[in-house]
Structure formats: structure tokens, C-alpha cells
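The task is simple: from the sequences and hints, build the whole structure.
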Amino acid sequence: MANEEVVLKSGLKYVDLEEGAGAVAVSGKDVTVHYTGKFPNGKKFDSSVDRGEPFTFKLGMGRVIKGWDEGVAGMRIGGKRKLFIPSELGYGKRGAGDVIPPNAELQFDVELLGVE
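With numbering that gives the first Met the number 0 applied, the sequence shown covers 0 to 115.
Hint data in this document are derived by calculation from the structure and do not stem from the laboratory.
Honestly, I wouldn't trust all of these hints.
Stated by the list, open to error - Straight line, CA to CA, 25 angstroms or less: simulated BS3-like cross-link-like pairs of lysine-lysine:
1. LYS28 - LYS65
2. LYS65 - LYS42
3. LYS8 - LYS57
4. LYS81 - LYS37
5. LYS8 - LYS81
Stated by the list, open to error - Using C-beta positions, here's what the derived DEER-type ranges look like:
6. PHE38 - GLU18: 25 to 31 angstroms
7. SER26 - PRO101: 26 to 32 angstroms
8. VAL98 - GLY77: 26 to 32 angstroms
9. ALA22 - ASP97: 36 to 42 angstroms
10. GLU87 - LYS42: 19 to 25 angstroms
11. GLY61 - VAL23: 18 to 24 angstroms
12. LEU16 - LYS57: 22 to 28 angstroms
13. ASN40 - GLY10: 18 to 24 angstroms
14. GLY10 - GLY113: 24 to 30 angstroms
15. PHE54 - ASP97: 17 to 23 angstroms
16. PHE44 - LEU7: 19 to 25 angstroms
17. MET60 - GLU87: 31 to 37 angstroms
18. PRO39 - GLY61: 31 to 37 angstroms
19. GLU17 - LYS37: 15 to 21 angstroms
None of the values given here were measured: they were computed from a predicted structure.
The beta-carbon is built from N, C-alpha and C at its ideal position, and this holds for glycine as well.
Structure, rendered in C-alpha cells:
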């Protein structure tokens, strides 16, 4: 149901802002998303929307952070979801270069554009 917080066993939390009506994102499928990544303080660190370039990856194959593999699964095309990703499902102790500090919690607004 839209706007209800869901908490998975892994610690990932998400809220469906809009439920899509298209195909469902499942493991092994190529999914295309638009996203904006922020820290809990609201500071933006990355956005495919700002670049005007959607991002495509194979879901459930470990090609993205664990929080994305878990958080995008089950979305439908046209859906919008806010992900709250604990550090261990993000970049963990190592962080990511100069952009993501170690042990950072992350938030992503994700819109599912396609499933193939």
C-alpha cells in the first residue's frame, strides 16, 4: 500500500510513494531507473535525474549496492519508492571515494522506468 513504511529483515526500509502498474522488477531482469541519492541530512550526492540519464542494471546480481538489489525488487514500472539504506547495505566501512563517507546511511528516491 502506498505511503506505508516497510522494514525488511536486512534492515532496509522503504516507502512506496506511487505504486506502478507495469511489469514487476524481479531478480535476473534488467531494470531501468531514475534516482536521486541523499544523505539523511538531505544533502544530495548523486542523481540520474539531474544528469538526464536513466541507470540500467541487472537486478539481484550484486552489480549495485545490496540496498538497491533488495529495495528495487517488487517495484512495478511507473512506481516511485523512497529507500532508507543502512550502511551495511550501502558502501559500509569503506565508503565510496570522496563522495560517500564510511558507515553512511543513504536515502534514494527511485522511479522504475523499465523491466526487460
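We went through each hint and held it up to the structure:
| no. | hint | verdict |
| --- | --- | --- |
| 1 | LYS28 - LYS65 | 16 angstroms, holds |
| 2 | LYS65 - LYS42 | 21 angstroms, holds |
| 3 | LYS8 - LYS57 | 22 angstroms, holds |
| 4 | LYS81 - LYS37 | 11 angstroms, holds |
| 5 | LYS8 - LYS81 | 17 angstroms, holds |
| 6 | PHE38 - GLU18: 25 to 31 angstroms | 27 angstroms, holds |
| 7 | SER26 - PRO101: 26 to 32 angstroms | 29 angstroms, holds |
| 8 | VAL98 - GLY77: 26 to 32 angstroms | 29 angstroms, holds |
| 9 | ALA22 - ASP97: 36 to 42 angstroms | 37 angstroms, holds |
| 10 | GLU87 - LYS42: 19 to 25 angstroms | 21 angstroms, holds |
| 11 | GLY61 - VAL23: 18 to 24 angstroms | 20 angstroms, holds |
| 12 | LEU16 - LYS57: 22 to 28 angstroms | 24 angstroms, holds |
| 13 | ASN40 - GLY10: 18 to 24 angstroms | 20 angstroms, holds |
| 14 | GLY10 - GLY113: 24 to 30 angstroms | 28 angstroms, holds |
| 15 | PHE54 - ASP97: 17 to 23 angstroms | 20 angstroms, holds |
| 16 | PHE44 - LEU7: 19 to 25 angstroms | 23 angstroms, holds |
| 17 | MET60 - GLU87: 31 to 37 angstroms | 19 angstroms, violated |
| 18 | PRO39 - GLY61: 31 to 37 angstroms | 25 angstroms, violated |
| 19 | GLU17 - LYS37: 15 to 21 angstroms | 18 angstroms, holds |
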